[in-house]
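Based on the sequences and whatever the hints tell you, model everything.
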Amino acid sequence: QKEVEQDPGPLSVPEGAIVSLNCTYSNSAFQYFMWYRQYSRKGPELLMYTYSSGNKEDGRFTAQVDKSSKYISLFIRDSQPSDSATYLCAMSGGYNTDKLIFGTGTRLQVFP
Amino acid sequence: DSGVTQTPKHLITATGQRVTLRCSPRSGDLSVYWYQQSLDQGLQFLIQYYNGEERAKGNILERFSAQQFPDLHSELNLSSLELGDSALYFCASNEGTSDTDTQYFGPGTRLTVL
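So the sequence lines, in the order shown, correspond to chains A and B.
According to the numbering used here, the first sequence is numbered sequentially starting from 1.
According to the numbering used here, the second sequence is numbered sequentially starting from 1.
Each hint should be verified, as a subset may be incorrect.
Here are the simulated lysine-lysine pairs, DSS-like style, with alpha carbons at most 25 Å apart [claimed, not checked]:
1) A:K2 <-> A:K67
2) A:K56 <-> A:K70
3) A:K56 <-> A:K67
4) A:K2 <-> B:K57
5) A:K2 <-> A:K70
6) B:K9 <-> A:K42
None of these hints come from the bench; they were simulated from the model.
Here you go:
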């Protein structure tokens with residue numbers, strides 16, 4: 001069993017839809033949770049960063065962490081075609097210098 | 001643009017050969033991380049350097065090695081290349097001193113082994 005599980009998709013939604021992306025994990029030591037967006041053949045770009053449990057909102061994006069369930073989510077409101085990309089969840093232990101463990105990524109396509 | 005640069009962008013080589021990938025971290029960042037992204041494995045952590053010293057090791061093969069130089073740029077050396085080494089190789093950097101810092105990724109080097 002992988003430490004981080006993520007549905008690979010693809011997920012196809014119409015423009016304006018609310019998108020929900022999720023990851024589950026098994027390592028209770030994870031403290032830092034991130035969402036990266038990766039366009040085709042480009043480097044991952046940090047979208048959201050959350051420490052421990054709770055919610056964080058940034059514009060159209062909301063990240064949620066539920067440590068008791070070992071479950072994290074990313075919500076995208078009013079999705080746009082420019083949101084079409086692969087979304088990777090990532091997490092690490094007690095320090096930023098620790099390695100990041102990534103999910104396999106969910107491919108999202110938003111069609112006009 | 002993350003501020004992390006990687007060269008070359010693309011590399012095509014043959015099995016058995018050796019290649020060197022180069023990474024320049026963001027200005028001020030002391031920590032460099034290397035990751036491999038293949039279609040079937042996703043993003044896998046390889047190795048981390050902090051201010052010239054190896055700090056953490058992940059799923060890095062013995063045929064692979066890395067180092068970080070005094071000017072903080074890093075090189076990843078891949079030898080005795082096999083077809084399965086074809087992948088995107090990413091470098092990431094951060095200051096490496098704060099719990100709230102995160103990793104910033106470069107554009108990657110696409111390696112194709114024929």
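Results of checking the hints against the structure:
1. A:K2 <-> A:K67: holds (17 Å)
2. A:K56 <-> A:K70: holds (17 Å)
3. A:K56 <-> A:K67: holds (14 Å)
4. A:K2 <-> B:K57: holds (18 Å)
5. A:K2 <-> A:K70: holds (13 Å)
6. B:K9 <-> A:K42: OK: K9 of chain B and K42 of chain A at ~10 Å, within 25 Å.
Checked against the numbered hints above, the structure violates none of them.
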